[in-house]
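Sequence order for the protein chains is A and B. If you use the numbering used here, the first sequence corresponds to residues 1 to 298, in order. If you use the numbering used here, the second sequence corresponds to residues 299 to 359, in order.
Keep in mind that the hints were calculated from the coordinates and are not lab data. Here the structure is a predicted model, which means the values were calculated and not measured. Where hints are given, some of them may not hold.
As the list claims (entries may be wrong) - Take a look, some chain A residues computed to stay more than 10 Å from chain B by CB distance:
(1) Leu67
(2) Leu69
(3) Ile70
(4) Thr81
(5) His83
(6) Leu98
(7) Gly141
(8) Leu183
(9) Trp197
To be verified - Residues from chain B that face chain A, not an exhaustive set, calculated with beta carbons under 7 Å:
(10) Phe307
(11) Met311
(12) Val313
(13) Pro314
(14) Leu316
Ideal Cβ positions, reconstructed from N, Cα and C, are used throughout, including at glycine.
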Amino acid sequence: MIESARRFLNERLALHGLEYPVPRVTLSLKYMLGGLTAFLLLVLIATGLYLSQYYNPTVTGAHDSVLYLISRAPLGDWIRTVHFLSAGGVVLTVIGHLCYTFWTRAYKRPREVTWWAGVLMAAIIFLLIVTGSALRYDQEGFEALAHFVAGGNLTGAFGRFFTDSFTPSTPLLTRIFGLHTSLLPLGLIALIALHFWLIRHLGIHTSGAGNSSDASGASGSSGRAVPASPARQRPACSGCTLSASRGSVWCCSPRSASLRFWFPRGLAILRWRVWRSPSRFGPYSGSTALKICWEPGG
Amino acid sequence: MILGPSAVFLFLMVVPLLDRGADRKPGKQGWVGWLGVVLGIIIVGLWVYGVFGEAREHIGM
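Looking at chain B on its own, in the form it has when it is part of the complex (with noise of 0.2 Å):
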């Protein structure tokens, strides 16, 4: 609740530091686009795991 949020969010406000390159078309981000697409088929996936996952307590973890 608290690592993955933060996680994703601290990736998003340092993305334009870690594309600096002068090239600007769009899908040629290199390993800061890839970096980003990993981490949203992380998100997604444990989203899923989440809805179809067997439920468990997780509070205080």
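Isolated chain A (complex conformation) (with noise of 0.2 Å):
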């Protein structure tokens, strides 16, 4: 029934458009954080439009509405862990996104919007973080809101948004709030498809894994879309693909029951397995279950 569940979807929703061959050297945890930043981004959007349900953007009721949720909304307290410790995740999995695509200079052309598009969306991550931190509009919050009033008066009308004299029909923090739920997320959420469509397009750039040029299905010093060698190849929707290009977390592999990964590598400290379940989701399906499990010890 899931199979004939999938065959339907996919058949309408084109999503055999996602199986595309990606290099079998993004099945590591490096490759795979621009995938987990976007899955944590969907369950912050997930928990934010539950969040927002209660929440009063007014400077009166804001804290009274943050304890009501944290003590008598249904679930209030957990989604609003959740909330917050998936934004804690986010800034960790950019960070290092970031770090590992600098190191390995996968800016270099013809990838440069990619790059571009990646440093706005952390940009927009980190005033998501910070409006965040204000709403909540206990000490911490209004702190934030004061260095929010701080910066707007030192940059003078390119700040003037984030000051009080903006206009006197809306406070700042209820401003705030709608560039915390509407403005940031949809400019992120656009620069999410332009990072994701020239990933699709222009592949993954791979050769800080051992081989110098671009086997990512994709690229060249020309820009123009080359395919990669088959054996370093596996469709989009195998192995544990948290990639970037997905944005979503798919597995496994049509042919490994199994694949473990360790992290960090070498020092066996903590292993995640993953694997998939075919007598329920079926050989190629691309749905097929993600289970991690943690062995503290290997």
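With the hints as a guide, bring both chains together as one complex.
Laid out in structure tokens, this is it:
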């Protein structure tokens, strides 16, 4: 039944368009940081939608609404915690993704725009974190708001939006809430779409993995898409492809029932085991389940 | 608050323009890569200083 549902959706939504080859080397944590970021952003959007139903973006009601959310809203405390931890996780994965991309020089031709879109996304995520801190309107949130005002005053006309003088009709906190829940997420989603589009068509830079050329199913110095070596390829839906090009959790390999990778590699402190359930999802399903179990000590 | 993030993101934006050499090997960024490393060390250093340093008035400085 699941297989027929998958075929139904695949046929009508053209999901086979996502099944493009990616280099085998991308089946490692360092290549999954972008995909992990995208996954955490989805969690943030889902939990943020829930939180916004209870949040009162006014100076007098903001903190009380947060207290209500924590103490009385159904699953409010849990969902707020997930939102908070996911935001922290996004910061870590974004920094990791940025550092690895920088060090492997994946920004070079023809992927400059992919890099710029990523940097702008990082800037928007930074703003989302800061605005989110202000929305709590507790001591720390109030201090964050004071930083906005100070920054707005320092930057003159450019930062006037962040001061109370922008308009007397709407408090700064309410405008920050609007920024946090509409303008910044919209900009982020547009940049994610651009980032994914470019990754899909220009491929993933893999020179950090031993091959100095772009074996990503695309690119080359000319920027023209060229197929990678078949020996290095797997369908994008195979393996534990938490890749930026998919932006979601997909697994696992059609051929291998078990995939292990080590974090940190070689130290065997934590082992993630990812495997699929062929009996439930079929051998080539892109929607096979992801199971991660932590095994301290390896 | 304004200058730090602005400097970091400005540097990141101009990285593809600064590093336009033909060499694509990782770890051979030349001065651009090492500038990024120095910037990262400064950020981490300031972060550690901010966490463990003495609290002081800084808004409006």
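Structure-based check of all given hints:
Chain B leaves Leu67 (chain A) outside its interface by the beta-carbon criterion, the shortest separation being 26 Å against a cut-off of 10 Å. In this structure Leu69 (chain A) is separated from chain B by more than 10 Å, as the shortest Cβ-Cβ distance comes to about 28 Å. In this structure Ile70 (chain A) is separated from chain B by more than 10 Å, as the shortest Cβ-Cβ distance comes to about 26 Å. No beta-carbon of chain B is positioned within 10 Å of the beta-carbon of Thr81 (chain A); the least distance is around 23 Å.
Its beta-carbon lying about 23 Å from the closest one in chain B, His83 (chain A) satisfies the requirement of being farther than 10 Å from that chain. A beta-carbon of chain B comes within 10 Å of the beta-carbon of Leu98 (chain A); the shortest separation is about 7 Å. Gly141 (chain A), annotated as away from the interface, keeps every beta carbon of chain B farther than 10 Å; the closest lies near 15 Å. Separation of Leu183 (chain A) from chain B is adequate, the least Cβ-Cβ distance of about 18 Å exceeding the 10 Å criterion.
Distance check for Trp197 (chain A) against chain B: the nearest CB is about 18 Å away, which clears 10 Å, and the non-interface claim stands. With 7 Å as the threshold, the beta carbon of Phe307 (chain B) comes within range of chain A, its nearest partner Cβ sitting at about 5 Å, so the hint holds. A least Cβ separation of about 6 Å between Met311 (chain B) and chain A falls short of the 7 Å threshold, and the interface hint therefore holds. Nearest Cβ of chain A to the Cβ of Val313 (chain B): about 6 Å, under the 7 Å cut. The hint holds.
Taking 7 Å as the C-beta cut-off, the interface hint given for Pro314 (chain B) holds, the closest approach to chain A being about 4 Å. Below 7 Å, beta-carbon pairs count as interface contacts, and Leu316 (chain B) has none with chain A, the closest being about 10 Å; its hint is therefore violated.
Violation of the numbered hints given earlier is confined to hints 6 and 14; the remaining hints are satisfied by the structure.
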